[in-house]
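Each protein sequence line maps, in turn, to chains A and B.
Here the numbering used here is used: the first residue of the first sequence is 4, the next is one more, and so on.
Here the numbering used here is used: the first residue of the second sequence is 3, the next is one more, and so on.
If you are wondering where the hints come from, they were derived from the structure by calculation, not from laboratory data.
Keep in mind that the hints are not guaranteed to be accurate.
Derived pair list, reagent style DSS-like, types lysine-lysine, alpha-carbon separation capped at 25 angstroms [what the hints assert, rightly or not]:
(1) 598(A) x 585(A)
(2) 315(A) x 227(B)
(3) 204(A) x 78(B)
(4) 439(A) x 413(A)
Sample of chain B residues at the chain A side, in silico, Cβ under 8 angstroms [said to hold, decoys possible]:
(5) 91
(6) 92
(7) 111
(8) 118
C-beta: ideal position from N, C-alpha, C; glycine also.
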Amino acid sequence: MARIVGIDLGTTNSLVAYMKDGQPCIIPDRHGRTMVPSVVAVTDNGLIVGDSAKEHLTRNPERTVYSVKRFMGKGLADVQNELAYFPYSLTETDGVIRIRLGQKSYSPPQISAMILKELKLRAEAYLGESITKAVITVPAYFNDSQRQATKDAGLIAGLEVLRIINEPTAASLAYGLQKNTQGTIAVYDFGGGTLDISILKLKDGIFEVLATNGDTHLGGDDVDRVLVDLFIAEIREREGIDLSGYPDHIQAVRLEAERAKIRLSDELKTDIAIELPEDKGCFTRELTRDQFESLATSVIERTLTPCRMAIKDAGLTTKDIDEVVLVGGSTRMPLVRQRVEALFGKPPHCHLNPDEVVALGAAVQADILSGGTTDMLLLDVTPLSLGIETMGGVMSSLIRRNTTIPASAKEMFTTYVDGQTGVDIHILQGERELVKDNRSLARFRLKVPPLPAGVPRIEVTFLIDANGILNVTATDMRTGQSQSIEVKPSYGLSDQEVERMIEDSFKFAAEDIGARKLIEARLDAESLFKTTDKSLAEAGHLVAREETEAIRTALSQLSTAKDGTDPRAIRGRMAELEQAAKHLNTVMLDDSLKKGLQGKKVSEVS
Amino acid sequence: MVRTMPILLMDNDQPSSHSDPRRQLQMARSMCWHCQSEVTGEYFCERCVKVQPVSKETDYFTCLGFPRRLTLDVQKLEARFYELSRTFHPDFYQRKSTAEQTISLSNAAVLNTAYRTLRDPIQRAEYLLALETGSVKNIRTSPPADLFEEILELQDTLEEYRASDHGSDQGHRLRTTLLTEQEALERRKEELESQLRRLFADWDKLQDAGETTSSARAERDKILKQMRDLLSHRTYVNNIVSDLAATIA
Ligand SMILES: Nc1ncnc2c1ncn2[C@@H]1O[C@H](COP(=O)(O)OP(=O)(O)OP(=O)(O)O)[C@@H](O)[C@H]1O
Ligand SMILES: [Mg+2]
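Construct the entire structure; sequences and hints are all you get.
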């Protein structure tokens, strides 16, 4: 069977992992970096993803997308109160958010697909084979629309998504594999954009989720915002500058806020410096950990309610939890650790790399699906109740939250008036009484034979598969015929639209590859430029003047080529520079060897 | 105006309405769906080794390999559930045919429902009652006769409390009354549950004896009737207690 990779598609960072000799490993890029920042930039030379796109956050804020996961499976109204934080413009078509970048609009699954493609390419380059199948993780508390959007992203990226798996449970697989623990564990996953808590029972290789809870809109981003709001307010007061007209500076504030937050995880105080627009100088201030924590505490406090609910739903008390496992970059905050420890009454386990453990777990699940690992089995649950709208605007639950999946339920429907030929089914997800307080997932119309009211018998089956995704079927019980139903998602792309996006993505693939070659050539040119420049400064005196002249010429030619758009020209100039600097490099090497040998005894050299 | 919102045919107040076996298990078995030979193995065709759909007639007790008893070893039930999960879970059918994947998915869903139902003593009893009396209707909740007056009064107090200013003297007084009521009802619930447990033991004993005399049948019907009443009272009291707890929390 073709290899299946495991992917952690994060709000801030994404990773890809695979199983090697029974152990999951992260696939690094050629510089050894494991994380791909979940950032996509549309430049004049095409799309770029990851580290190089991150540079465009301040350079090109309107055309650089970050934290796109917050928009997956959402409508514009869902994110109304945070629009001000995003420099790019958002609209909505057919219930799906669209992100306008330059001349084109993209749906969140399309942007996510670009990140997935980057990971796919990375895996293909590393493993030297084509990768077409993946397990992708989602926050446990993702609803059906958000899961479906993630699956669509995979399809658009040219990946067959064999399984959608929950992030905290993925983490538990990696944890269980390492630790071989038995007992009850709580996984607290606090990342860039989401919070999840899952309570699991580990026994003889079975990972049974007892309950899960969370908030798909609560993460490190929200902690950053507390600081962003503070700095922007202070800049307005102290410097009299309203930054709202300067999206690039707002991004700079956001990035500085995040860096400061990260520094304060290790230090007790830190200096903030933010460059102001129009040469107004620099805004500086000191921020202590105490100050930071008193601002962040309300956000951290919000993470504890889902924890309490999950413990309660599992029918347990904190005393029953044997181990608390921390996952996600935001759990590096000392305040988070303190609050979690206080809640559970025991110090959390934080020896796993919180950035990597989810992707590692996805690789383990991929191995289970391909038949490699056979002793482990994950029994997950559906995070939210599922039901339908009944007369009077009330939600009637068919499958309760925390039900082990796969799960099914059936309901028999009939008509209200004579001769009625259709029944409208409105599928909902959530815990509230009234329809309007729950999430609308989809609608469809059941065809019924025109009969007196109450006579037709239509059985509708709801089946939640192992991905946590709902499938609906309907049967006319009088004729035994099954009915094909066209489900219209409330907040999702239609099948036709996904098809079109897949086609588009193939069409643009050629362009993308061109852009990619250019970007890679530029990056390589940049690093060659820097090292040669450095050698010249350090060892230029060791070679003839003509030689240094030649190297300088080659350097400036490479620099010009680098600003152009032809990757072949860049590679050509690089080759010329390498040639010109060859002798210099040899001389340098000899020189350093000689220096290294001095002061060493002869017996040490051999 | 044509009302096109659905009418549910089944009473939908309780999750147990979905665990009715006759609606849950839809596929029949006896002949292998794949090679048409007679299936003798438990879950797999012995000839072609294909997984078989859980039969329509299989109730949750049979599905998990337990006798129809109301006291059961939860540890053993869990072990059995894990074992069967390893047999049916879709994770292990990824490389199999679509037909096998469909069967695995539906079997796993039935297994999960079966385990969820039998794990909880109350749901277990409600399910057994439905099986034994062949009733598809839910057990209607009803207040114990002697509590009727008390509960009417309690509803009034609850209303009054909801409308009152919780900080006021009256609010405090009402709250204290409600707290006392809550405690009393909790005790009543526990009482009902211990009565139920005794009845469960009676049922199991009668089943173990396995007599088919008419007096045994009468005894059986009597137990089932009592059980139905107790379950319905217990659910009623339980609903009120949670309502109370939610209001004064
Ligand atoms: N040392 C640190 N101290 C505080 N926060 C940190 C630290 N390191 C990383 N973070 C924060 O962790 C977040 C990213 O974590 P992570 O990579 O786990 O998220 P993600 O997986 O991309 O997001 P999600 O799981 O929510 O989709 C960011 O908000 C980042 O600022
Ligand atoms: Mg994460």
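Do the hints match the structure? See the list:
Distance check on the hinted pair: residue 598(A) and residue 585(A) sit about 20 angstroms apart at the alpha-carbon level, within 25 angstroms; holds. Between the alpha carbons of residue 315(A) and residue 227(B) the distance comes to roughly 33 angstroms, so the proposed pair goes past 25 angstroms and is violated. At most 25 angstroms may separate the alpha-carbon atoms for a hinted pair to count; residue 204(A) and residue 78(B) meet this at roughly 16 angstroms. A C-alpha spacing of about 23 angstroms is found between residue 439(A) and residue 413(A), which places the hinted pair at or below 25 angstroms, so the restraint holds.
About 6 angstroms separates the beta-carbon of residue 91(B) from the nearest beta-carbon of chain A, less than 8 angstroms, and the hint is met. Annotation: interface hint on residue 92(B) holds; nearest CB of chain A at approximately 5 angstroms, less than 8 angstroms. A hinted interface residue such as residue 111(B) counts as satisfied when its beta carbon comes closer than 8 angstroms to some beta carbon of chain A; here the least separation is about 4 angstroms, so the hint holds. Because the beta carbon of residue 118(B) sits about 7 angstroms from the nearest beta carbon in chain A, less than 8 angstroms, this interface hint is met.
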